[in-house]
Amino acid sequence: MRLLSFELKKIIFSKKFLYILLGIVVVIALLMARNIVFESSIQKEARERIDELLEFNFANSNIHQAVLEADPEDEEEEELQRLNSAMINILYEVRELQAPNRFEERLKLETEYYSIAEEYKQKGGDHLLSYQEISHSLALNEKLLESSIPPEHENYSRALPNFIKQVVDLFINLGAIIIILLLIGEIMSSEFENRSINLLFTQPLKRTHIITSKLLASIILYVVTTVFLLVVTLIIGYVFGYKGFFDYPIVIEVNQQVETVTIIEYLRLAITLVSVSIFLIISLCLLFSIFFKYTLVTLFSVLGALLIGYVLTEFVSWAPLAWFNPFQYVLPKEMILFQNGREWWQGIPVTLLLTAVFYIVARQMVKTSRVD
Amino acid sequence: MIVEVSNLKKRYKKQMVLKGIDIQVETPQIIALVGPNGSGKTTLLNCMTNLLSFQEGKVRLLGKKHNDASIFQQVSYLQDNRLLYGNLTGYDHLEFICRVQNIAISKIKEVAMRVGMEKYLKKRVRNYSLGMKQHLLLSMVIINEPKLLLMDEPLNGLDPTSAINMRKILLELYKEGTTIIVSSHNLDEIDRLTNTIYFMKNGALLKESLQDISSKKYLITINDIDKARKVLNEKNIPFTVTDKYQVGFEETDINLQSFIDCLNDNDLMIRDIEAQKVGAEKRYRELFEEELSS
Numbered sequence: 608m609r610l611l612s613f614e615l616k617k618i619i620f621s622k623k624f625l626y627i628l629l630g631i632v633v634v635i636a637l638l639m640a641r642n643i644v645f646e647s648s649i650q651k652e653a654r655e656r657i658d659e660l661l662e663f664n665f666a667n668s669n670i671h672q673a674v675l676e677a678d679p680e681d682e683e684e685e686e687l688q689r690l691n692s693a694m695i696n697i698l699y700e701v702r703e704l705q706a707p708n709r710f711e712e713r714l715k716l717e718t719e720y721y722s723i724a725e726e727y728k729q730k731g732g733d734h735l736l737s738y739q740e741i742s743h744s745l746a747l748n749e750k751l752l753e754s755s756i757p758p759e760h761e762n763y764s765r766a767l768p769n770f771i772k773q774v775v776d777l778f779i780n781l782g783a784i785i786i787i788l789l790l791i792g793e794i795m796s797s798e799f800e801n802r803s804i805n806l807l808f809t810q811p812l813k814r815t816h817i818i819t820s821k822l823l824a825s826i827i828l829y830v831v832t833t834v835f836l837l838v839v840t841l842i843i844g845y846v847f848g849y850k851g852f853f854d855y856p857i858v859i860e861v862n863q864q865v866e867t868v869t870i871i872e873y874l875r876l877a878i879t880l881v882s883v884s885i886f887l888i889i890s891l892c893l894l895f896s897i898f899f900k901y902t903l904v905t906l907f908s909v910l911g912a913l914l915i916g917y918v919l920t921e922f923v924s925w926a927p928l929a930w931f932n933p934f935q936y937v938l939p940k941e942m943i944l945f946q947n948g949r950e951w952w953q954g955i956p957v958t959l960l961l962t963a964v965f966y967i968v969a970r971q972m973v974k975t976s977r978v979d
Numbered sequence: 066m067i068v069e070v071s072n073l074k075k076r077y078k079k080q081m082v083l084k085g086i087d088i089q090v091e092t093p094q095i096i097a098l099v100g101p102n103g104s105g106k107t108t109l110l111n112c113m114t115n116l117l118s119f120q121e122g123k124v125r126l127l128g129k130k131h132n133d134a135s136i137f138q139q140v141s142y143l144q145d146n147r148l149l150y151g152n153l154t155g156y157d158h159l160e161f162i163c164r165v166q167n168i169a170i171s172k173i174k175e176v177a178m179r180v181g182m183e184k185y186l187k188k189r190v191r192n193y194s195l196g197m198k199q200h201l202l203l204s205m206v207i208i209n210e211p212k213l214l215l216m217d218e219p220l221n222g223l224d225p226t227s228a229i230n231m232r233k234i235l236l237e238l239y240k241e242g243t244t245i246i247v248s249s250h251n252l253d254e255i256d257r258l259t260n261t262i263y264f265m266k267n268g269a270l271l272k273e274s275l276q277d278i279s280s281k282k283y284l285i286t287i288n289d290i291d292k293a294r295k296v297l298n299e300k301n302i303p304f305t306v307t308d309k310y311q312v313g314f315e316e317t318d319i320n321l322q323s324f325i326d327c328l329n330d331n332d333l334m335i336r337d338i339e340a341q342k343v344g345a346e347k348r349y350r351e352l353f354e355e356e357l358s359s
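Sequences listed follow chains U and G, in order. Per the numbering used here, the very first residue in the first sequence carries number 608; after that it's consecutive. Per the numbering used here, the very first residue in the second sequence carries number 66; after that it's consecutive.
For the record, the hints were derived by calculation from the structure and aren't laboratory data. Yeah, the Cβ is synthetic: ideal placement off N, Cα and C, and Gly gets one too. Honestly, I wouldn't trust all of these hints.
[What the hints assert, rightly or not] Derived DSBU-like pairs (lysine-lysine); straight-line CA-CA distance at most 30 Å:
1) Lys300(G) to Lys900(U)
2) Lys622(U) to Lys130(G)
3) Lys212(G) to Lys74(G)
4) Lys623(U) to Lys187(G)
5) Lys84(G) to Lys974(U)
6) Lys130(G) to Lys79(G)
7) Lys172(G) to Lys813(U)
8) Lys813(U) to Lys184(G)
9) Lys974(U) to Lys79(G)
10) Lys184(G) to Lys622(U)
11) Lys212(G) to Lys813(U)
12) Lys974(U) to Lys130(G)
13) Lys130(G) to Lys212(G)
14) Lys900(U) to Lys79(G)
15) Lys616(U) to Lys78(G)
16) Lys974(U) to Lys300(G)
17) Lys188(G) to Lys623(U)
18) Lys188(G) to Lys616(U)
19) Lys123(G) to Lys813(U)
20) Lys78(G) to Lys974(U)
[Stated by the list, open to error] Calculated from the model, a selection of chain G residues having no Cβ within reach of chain U, i.e. all distances over 10 Å:
21) Thr114
22) Lys130
23) Ala134
24) Arg164
25) Ala169
26) Asp224
27) Leu271
28) Ser323
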């Protein structure tokens with residue numbers, strides 16, 4: 608504990624920590640500013656999307672017309688023409704329903720459109736939307752209708768829960784890794800570089816305690832930074848955004864079945880998984896620092912290990928690997944959204960186990976570590 | 066035994082940097098480690114404090130093995146100022162030492178006043194001058210009132226006032242029973258601090274007591290220098306002529322009394338006998354003549 612407070616002090620009173628916190632505030636503020644700027648274009652974007660679909664449906668209509676002119680008895684083509692016409696009619700109606708207070712009518716029509724599009728594709732028709740897009744949109748719309756929640760734009764929403772999700776998405780996609788590497792990437796290696804480790808080594812302290820306190824300090828700093836990020840997001844979202852719904856649905860796939868979770872559940876999963884990954888990165892940093900004793904070499908080695916781990920996750924789809932791959936939560940968003948053939952928690956035991964192993968090895972190595 | 070270093074050998078790559086060092090210190094004293102850069106002074110201190118490994122030999126400090134971290138309750142090591150944390154204050158550093166060594170926090174103010182750094186105790190170390198950093202380092206190593214104090218170049222960057230103050234503190238600590246092993250290039254300061262000097266040359270140690278050397282060297286003022294020269298040459302007694310009326314004599318097989326008797330027997334009048342003071346620099350010049358001439 609005596610050493611822990613000193614370790615925390617060393618980082619908390621550094622300019623680097625202040626700059627990181629300022630950086631977090633600036634990025635979140637910029638994100639909100641972007642949402643405010645682009646909010647006015649949300650309706651325009653929706654209209655353009657409808658026009659794009661209309662254009663595609665009209666093109667299909669022409670094709671069906673031509674085929675039917677050549678063979679008026681083609682029943683399948685006639686059915687496709689009927690479904691395509693129904694989609695066109697719905698799109699015209701949806702285009703007139705852009706007022707926010709008429710979202711339920713719009714959602715119903717969109718749901719109808721997606722259902723017809725699915726049927727149309729099943730009957731051999733060509734459509735701009737993929738099966739996955741259709742099924743995801745259907746699940747989302749059904750849940751929104753069931754809970755009477757107005758839909759939000761995925762990227763530019765000012766609704767507080769959706770804004771938090773945007774920030775957390777940024778955080779779990781590299782943000783957390785960048786922050787933690789900047790914050791504690793040199794927590795041990797700089798001690799060797801500056802020879803300040805000699806001060807610690809010439810105190811009546813067990814060297815293993817130095818590693819333990821650095822690990823704990825790193826975890827505490829990560830937690831503090833994450834809490835700070837969430838608090839700043841809440842404040843900015845509350846001041847510049849609007850209330851929104853924390854049970855807003857997020858579509859996920861579980862064993863090829865489309866399901867939804869609430870934003871709260873999504874955030875809980877995201878923070879849990881990224882935290883597990885960060886613990887691994889912290890212990891890896893400590894181990895490599897004792898091994899290499901230089902910050903740059905340590906950082907590149909950690910990044911290299913993460914890259915190899917991520918590539919392994921992306922290119923090896925063997926399902927049982929989820930039990931053994933400790934790097935699957937490096938970028939955990941995909942892991943949450945697509946839980947096909949694996950559970951979201953499956954990699955947690957191996958990741959935590961490896962974190963503990965790295966920590967134990969680092970403890971052993973520091974006992975005989977020298978500043979030669 | 067306060068310090069027990071036996072046959073300490075350290076090899077770095079293929080080069081022997083410490084060639085079987087032996088140091089035994091049984092009673093509190095101040096020992097100066099003197100030698101040119103690269104002679105192995107810092108390496109020796111680092112090996113003694115387990116900061117560096119060594120291939121052969123044994124080190125025990127205050128009766129405990131050198132790799133037992135508990136020795137640092139009573140052993141302090143003043144190293145170079147790079148080990149200070151720039152973003153922390155002097156107070157933070159001293160508070161850390163107090164906490165890990167179970168020393169009352171109230172001791173910080175006391176030691177800061179003793180060293181003369183109370184004015185900038187709460188300033189961040191990155192704003193310290195070289196001298197201020199040395200003050201902080203000194204405070205950090207004396208706050209635990211160590212029984213053994215190892216110091217690597219403690220006088221670097223100190224202005225004359227601070228150097229005088231540091232010497233005063235070290236002499237006080239010595240009187241209080243602290244053994245001090247200090248490596249330094251400042252030979253004048255060493256002279257003022259101690260007579261016991263361990264010269265280091267290419268990883269080997271040459272232990273000398275300047276007091277012992279001084280006690281064997283004399284300057285003798287005689288009424289007739291030419292006659293003295295003749296007599297001494299006839300008797301084959303080694304001597305040096307230092308000026309018109311003075312000869313230098315060093316006790317070897319012939320002691321001072323025999324030398325005086327020889328002069329008296331030849332009707333030479335001795336006007337004065339003065340023990341010749343041998344300073345660290347003079348002895349250094351003698352020992353490191355080659356390095357100095359190259």
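Check: Against which earlier hints does the structure fall short, listed by number upward?
Finding: When the structure is compared with the hints, numbers 1, 2, 8, 15, 16, 21, 23, 24 turn out to be violated.
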